[in-house]
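Going down the list, the sequences are from chains A and B. Heads up: the first sequence runs through residues 154 to 412, numbered per the numbering used here. Heads up: the second sequence runs through residues 2 to 473, numbered per the numbering used here.
No lab work stands behind these hints, which were simulated from the structure alone. Some clues are possibly wrong.
Claimed, not checked - The list that follows gives simulated cross-link-like pairs (lysine-lysine, DSS-like), each with its CA atoms no further than 27 Å apart:
id, chain 1, residue 1, chain 2, residue 2
1, A, Lys-401, B, Lys-348
2, B, Lys-348, A, Lys-312
3, A, Lys-227, B, Lys-459
4, B, Lys-91, B, Lys-146
5, B, Lys-121, B, Lys-149
6, B, Lys-25, B, Lys-91
7, A, Lys-312, B, Lys-327
8, A, Lys-312, B, Lys-328
9, A, Lys-363, B, Lys-348
10, B, Lys-91, B, Lys-81
11, B, Lys-173, B, Lys-121
12, B, Lys-311, B, Lys-348
13, A, Lys-183, B, Lys-142
14, A, Lys-227, B, Lys-149
15, A, Lys-288, B, Lys-398
16, A, Lys-312, B, Lys-91
17, B, Lys-459, A, Lys-288
18, A, Lys-382, A, Lys-362
19, A, Lys-186, B, Lys-451
20, B, Lys-121, A, Lys-362
Stated by the list, open to error - Label pairs and their calculated CB-CB ranges:
id, chain 1, residue 1, chain 2, residue 2, range
21, A, Asp-367, B, Asn-152, 53 to 63 Å
22, A, Asp-337, B, Ser-438, 58 to 68 Å
23, B, Lys-398, A, Asp-233, 22 to 32 Å
C-beta atoms are modelled at their ideal positions from N, C-alpha and C, and glycine is treated no differently.
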Amino acid sequence: MDYVFSYATTEGAVRKVNQDSLFIVTAEYKNEKLLFAAVCDGVGGMSAGETASGFVCQRMVDWFEGDFAGMMRKNSSVLDIRASLDEMLHSLNDRMNSYADRKGIGMGTTVTAMLIIPQLGRMLTAHAGDSRLYKITDSGVEVLTADHSIVGQDVRSGKITEEMAENDSRQNQLTNCIGAGLTDTSYDYSIADYDGNECYMLCSDGFRKKISKDEILHDLCPSANISEKDMSAHLNALVEKDMKCGEKDNITALLVRLC
Amino acid sequence: MIGSVKTKILYQNCDTYFQINLKKKDQIYENHLQFLNNNHDSGFLRVRWEKTATRNVLKYDVSNLIALSEYIKQNMTQEKYFSIIGQFQKILECCSVHNLNVNNLILADTKSVYYNVETKSLFVAYLPLVENNYSCSNVVKFLYKLNKSVNISVSNGNVMNKYELFLEEHLKVQKTKKDKNSCFSHNHLYNFLHDNYSVFQELNDVPDMTVKHVKAETPQNMCVQDSAYVPPFQKNEQESDHTILVSAKKNTDCKACITDDNGRVFPLDHFPFTIGRKAGNDLPITNSGTVSGIHAAVTYENGCYYIEDKYSSNGTFLNETPDSGKKIVREQLTSGDTIYIYNVPLKFTVNSGNSGTVVVGAKKAAKAEVPTMSESKKEEKPQSQDNIAYLMNSSSKQRIPVYSYPFTCAELPGIIIGQDNSGSRHSIFIENIGCQSFVLEGSEAGIGTKNTIFSGCKFLFHGIQYTFFEEN
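Take the sequences, apply the hints, and build the full model.
Structural data, given as structure tokens:
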């Protein structure tokens, strides 16, 4: 398994600071390449948002290089890997809350991460908040995560349709994230099979609100994104489109093609 | 800006204030301040003086009053008009009797004079200052402006002409004077009215000159304040222009508001927010006979706004004029909707613009700050009739729905899928209590083992592969 990836991130047309963070790391183990990537959308004023999202990204990379590498060597199962990741995210949550308490500020971050482990043939995802993971094949687009927001809840419970959700005024109300004074919350995990010639896109809410699934399919499908250059051009074009459509938030998207 | 005074209208909680910003060094004459608050019935707006290191303001309570400029937009009879002028004369007289300086009245525009529709009484703002350097009072000019802008069904044209001439004459006289009010007193007005109009008799009969102060009745516990949805982190929040946990704008900035045809904005700062003909409504529409006393109300539940008809005679309509005949009883509102209070259009908007991301799941905040939040913001529990997860047989693709935990099924004897709860953290586990051959994600899980699983986990049950999926 090999990967082609690119990303686009901007503070957007209105905000002065980019509170989104992202990372993509790869590693080689037993002749197989692993990939770990995430997008975090920070929440909180006075630079707390970017601190939170940056902190989580940094610690996740540390986990990948440390604990996770150790587990791979011990042939741990995906269940153990998930448990370790979960423990790490909860400890980040607790640390962030105690830091925010001390400083008297509010800080939090969404996180959506994907970890591809070819040795196990599985992809593990971790998710909290309203950033998203999309699976894009040449035939369709699928959202693999559930938005932890009031609007997302209403869509799932059937109160409103997805079209209505796009224009809903409560876009900014999160029900779950890392930090923000939340304790004892659970994050979403899933494992899935993956295949070559699939694209996976991680993005913050700023990226996807103003563009449709069709646009995502058209621009980010595997066949249109052979090289890193194609990817970068497509992502930046969509970011431009977002801003033209009046998106005020930070915009971040990360695209990985499996090959 | 009126004269050289800076003014603005403030909405705070259920009250409306007409605020005047004074200069730091302006001194308040306490006796007059007291007088104003004791003599509300004589036509003076109640006033509160607030002085801090940075602010020196007078806040006149104009709740349930409408600006005279608005009131006179409707057509009124000549009698009614002169009864207002008569009341105005009384106020001037009262000033004279109690040694209040007419120059201290805020009288430059009909916007800054208020009217109570229910009690039919006029109110003016008076600056209780020791020294007044604001030229914001010109009685004749005010009356002249009022006369120009008012809509009267004339019953005696002669008197109207005379009155206009009377005002014009005084305007000419005062032109050469430095103190504009020096050549016009309550007596001039009295004499004119007395000679030409028999309003004084009527005026004495005007009912309810003793003013009842009508307050919008909103039980406190029904108030859903804007702050109910934000965690208490805003202490240090200053910047409001990027994603933040809470809306850093503290004031009374409301998420939603209603705008009427004249562009007046009514923030939806409490609920139910009533709309109707009676002056006591949060949004009074006093000049329309087709509007019922209490016609409709806006409510807020679970993050949504609703418009409810309050058994009005002519009905409430949403996004369609009354011609459509589609009366509504209760409808959810979305930003941009037009509510028709029978034929009076009102625009509903939600300000999503600047408000940053808010975490409503912040339990701590809910407990500490807003006890009402649990009522208004219940988290949606998965409904029991929907399946919360399913197991898929990988070869037959057959789906076994999971409706509740703990879950067992005939296809998987000896296996229990359950939920562990610690606080609000939950996890799903799979427990093997009697299966000889059970492999979970590539590892043998013998009898008595219990493992956490999540969406996408695969297991082999006697060699048959199943995948567990959680519904979103």
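message = When the structure is checked against the list of hints, which entries are broken? Sort them ascending.
response = Of the numbered hints given earlier, those the structure breaks are 6, 11, 13, 14, 16, 19, 20, 22, listed in rising order.
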